[in-house]
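Colleague: Hey, can you work out the whole structure from these sequences and the hints?
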Amino acid sequence: MGNHVRHLTVNGSALTSGGTFHKVTIRGDATINGDLWCDRCKVFGNADVSGNIEAKSFHIFGQANIRGNVQGETIKLFGEINIRGNAIAHDFHLRGAAHVDGNVTGGTIHGYGEMKVSRDCEADMFSVKGAVEIGSTLNAERVELYLHFADSRITEIGGKTIHVKRSKTLNILHFLKRFARDSAKLVTETIEGDDIYLEHTDAKIVRGDRIIIGPGCNIGLVEYHTSFQQDEKAIVKEKRKR
Amino acid sequence: MEEELISKKELLERTGISYGQLYRWKRKKLIPEEWFIRKSTFTGQETFFPKEKILARIEKIKQMKDDLSLDELANMFSPNPAAITLHRDEVIKRNIVTKVTMQFYMEQKGEQHTFSFNELLQLYILDQLLQTGEISLEEGKGVFDVFEQHYSAFQGRSCELLFVRKMGISICLLVASGNDVYVEEKAKIIVRLHVPTCVEQLKLLVSEG
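Listed in order, the protein sequences are those of chains A and B. Read in order, the letters of the first sequence correspond to residues 1 to 242 in this note's numbering. Read in order, the letters of the second sequence correspond to residues 1001 to 1209 in this note's numbering.
Calculated directly from the structure, the hints in this document are not laboratory data. One should not assume that every hint holds.
[Unchecked claim] In silico SDA-like cross-links for lysine to any residue, where the CA-CA straight-line distance does not exceed 25 Å:
#1 A:K42 x A:S13
#2 A:K241 x B:T1047
#3 B:K1029 x A:D101
#4 B:K1009 x A:S227
#5 B:K1008 x A:I212
#6 A:K160 x A:D91
#7 A:K204 x B:E1046
#8 A:K204 x B:Q1021
#9 B:K1029 x A:G135
#10 A:K160 x B:E1072
#11 B:K1029 x A:T108
#12 B:K1062 x A:M125
#13 A:K237 x B:E1010
#14 A:K76 x A:S17
#15 A:K116 x A:D35
#16 B:K1039 x A:Y224
#17 A:K160 x B:R1057
#18 A:K160 x B:P1032
#19 B:K1028 x A:G85
#20 A:K76 x B:K1028
#21 A:K23 x A:H90
#22 B:K1029 x A:T74
#23 A:K116 x B:K1029
#24 B:K1029 x A:E141
#25 B:K1026 x B:N1179
#26 B:K1009 x A:I212
#27 A:K160 x B:F1048
#28 B:K1028 x A:E189
#29 B:K1009 x A:T155
#30 B:K1039 x A:L221
#31 A:K241 x B:K1039
#32 B:K1065 x A:M125
#33 B:K1009 x A:N218
#34 A:K239 x B:K1009
#35 A:K237 x B:S1007
#36 A:K239 x B:Q1045
Predicted model only: the values in this text are computed from it and were never measured.
Modeller: And the structure:
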């Protein structure tokens, strides 16, 4: 984005319009009416943006509400973000909660916390520890899901390697029953991939090449190609080799 | 237009590709979203594809994936114009467009030596239409006009080129894909051309050189 010398700095509370900037720093509370283009955007506190954001790097320490789309090379989130539109990022770093009403497209999506996407989520690598809800399809080359705290719901998962595990730390925190129901599981309709390993997953159909069904699973139908293994603590109603 | 569909499972069996590949190609936009047709069957939700299109597409991807990267392939299949320009002589020499069409273009728009992808596309489409004998040179002006003024409005969405004729008078239209078109009794749709298919063919022609 070249050498825009203009910076936008908010210390305290402000209502301002969008525009093109080099650096945007918000310490406090800002309401931005309009679209925002910048190289770097940092929010320490709270930001409400009524338009779209396009930033090379977008860091949030606190909270951000965006009415439009968010596009960035890196998005780092320590806190909470609500996006009404779509989110596109090369690297999406999650520490907290992200809620997206549209689609999420990313190279790498990783971190821990809560992620809710109303529509599709696509990435090369999707590795999240915590609770994930995806309204439509999660499509990633590699999916790593560490179930933690709350149930995850994903309508459809597709990819090459799909690993779903219950996070180990759950056992250590077992006494904290208030926070951790001991039933953090994944509920899904369909899982399709080449290499699939599942734990604590409820699925109607699992299809793939090499499938391992681990403990705590409840699967309606498994269709496998090369190999199939099943844990003794798993329920598989029907399995077919094709 | 009822198309024959193929289920995902059958598709994988017939083509020998894996789920991982299919999802990767979808993610990289090698297979358009609109081809994924969800239907509920007695086993729950199933995904279907338009049979002919998807089989042809997968065949093409399999052929070319060793020579081109996935991103290059995606560019080829996307309805967006390629970022190239070609010289007039080369266009003729490589048989992308016939001389007659080229000359007609020059008559309409003046002398020109290099052509952008969008200009080539107009030429290519007109050339195709003329060669099948469906429209006359004179009617070809309509193609240029409608493309010049309205093609940019589609911005990467797929569209169709329609030619409607009634009592010897023809009208050229650009319509967003997948819409039903009905015409009055005496009029007739003479041409219905899927523009992204042409874009794809042209990209192939251009990149082969």
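Colleague: If you test the structure against every hint from before, which numbers come out violated?
Modeller: none
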